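Student: Sequence lines, in order, name chains B and G. Here the first sequence is numbered in the working numbering, starting from 1 and rising by one per residue. Here the second sequence is numbered in the working numbering, starting from 272 and rising by one per residue.
Hints are computed from structural coordinates only; laboratory data are not their basis. In this text the structure is predicted, and so the values were computed from the model without any measurement. There's no promise every hint is true.
As the list claims (entries may be wrong) - Non-contacting residues of chain G with respect to chain B, defined by C-beta distances greater than 12 Å in every case (computed):
#1 Lys279
#2 Ala282
#3 Lys296
#4 Ser317
Unchecked claim - List time: in silico DSSO-like cross-link candidates among lysine-lysine, alpha-carbon distance up to 27 Å:
#5 G:Lys380 <-> B:Lys92
#6 B:Lys92 <-> G:Lys417
#7 B:Lys82 <-> G:Lys380
#8 B:Lys82 <-> G:Lys417
Cβ coordinates follow ideal geometry from the N, Cα and C atoms, glycine included.
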Amino acid sequence: MRVRLNEKTKWKSKSSKSMTVASTWWRGFGEPLLLAGEDAALYRELHARVYAAIQPIGIIEDMLVDDVTFLEWETLRWRKLKTALMRERGLKALETFLRQHLDYSAYRDRYEEFLADILEERLPEDQAKTLAHNSALSEPEADEEVDEILLGTDRRVDILLDDAKNDKAQELAQEYAQHDRDAVALVDELLERRGMSMNTLVADALAENFEDLERIDRLTTLAEGRRNASLREIDRHRVVLGEALRQTVQQIEEGEFAVIEPAPNKGKKAA
Amino acid sequence: MSRTSDAKIKANRLNARASTGPKTKQGRRRSARNALRHALSLSVYSETALAEEVAALAREIAGMNGNAEIQELARRVAEAQIDLRRVREARHQLLCQALSNPHYDARAKVREKLAYMLQLLRDDAPDVPLTALTKYLTTTPEGPHKLATILSQEIQRLSVMDRYERRALSRRKFAIRAFDLAKAYK
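One chain only, chain B, in its complex shape (with noise of 0.2 Å):
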């Protein structure tokens, strides 16, 4: 629905409510073209923002303010995607990273959790668990009744281990995201034990995906670059209309304020 601006500031809705808005975005040029995901309230305050501190006059700036609001929106959304794109990167080569590296030690109470639920289909759920447990320790006549267990099942130990150190490399991973101390600590003790860092597993993720960055950046630069141009255009807009406006006083007050010319003297002699 397009509603009609009621001056600067107001306008009625279908409803008839009476509404101050500091934008008027929606006013003839649509509404926002936001993707899934995106805060259409979010919008609204930027383009207030952008209202406010530019105060349009008229509705050519008014469409130049909606266009650097949508531009400054993509810029936004553009640099969010890349920081975002990175951060998932990097989460994914330390994950990939942990799948490969992580000691058994640090899985073992994971694989212990999956095995028993195995188990507890076929037993009571406290055997299951000690079963599990010393299963877990390697302890040899726990692993041989585990393998019987499971040979009449589809699933393998083998299986199992990979799935509960695929499990906890993926916990691991969130956790050293979120700056858990523990799991930063185990991390970087892992880096380091294998020569590497968080930069360097982050660089070189990122080193596969150069392309993908490369284009947000384009698309980055092409928005900042638009939004400033329409900046500039409001900022020559205002001059042509500066220029108009003392020229059209210049004119008045020239109207007003006439030059009179002297009357000749017509024989009268000066005092």
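Knowing the structure of chain B, use the given hints to seat chain G on it.
Tutor: Just chain G, lined up with the frame of chain B:
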């Protein structure tokens, strides 16, 4: 170069008459749009709704006391503005459609999955656990990775749209300048 024989020309014409193209009005209208991709090369006046928007915006830009010249210049500004909006909406639609497609994936990845499936259909295919296979086949990019994939896959169409946007911006800029000058020194 050999000349097409009269017999062949005659046969071609007869065959063409027997062609099973669309017969109904609706079918013809639909097939007329077969080659239509984004329609951005068409004037905004080709759509009634857009033409009306141009007229309304032009009236608002020109104001109450605009002479013929001002009205014409205002119309140019409005035309460029509506065109710019149309281009941005087309690009937005392209991104939204791709984002809302849960199976969207890079073409190379789809080809890779197909090749893998064909490999599994062979007699000497490796034994792959069903859960791992299902996970591999159904995994598609998500979150920021999905948008990055879309940008990379749709780069050509996005570039075309970007050219239209650049032109619309340029037209609007010069139209505003001309309008400002005319209005300031009328």
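Student: Run the structure past the numbered hints and jot down the numbers of the failing ones, going up.
Tutor: none
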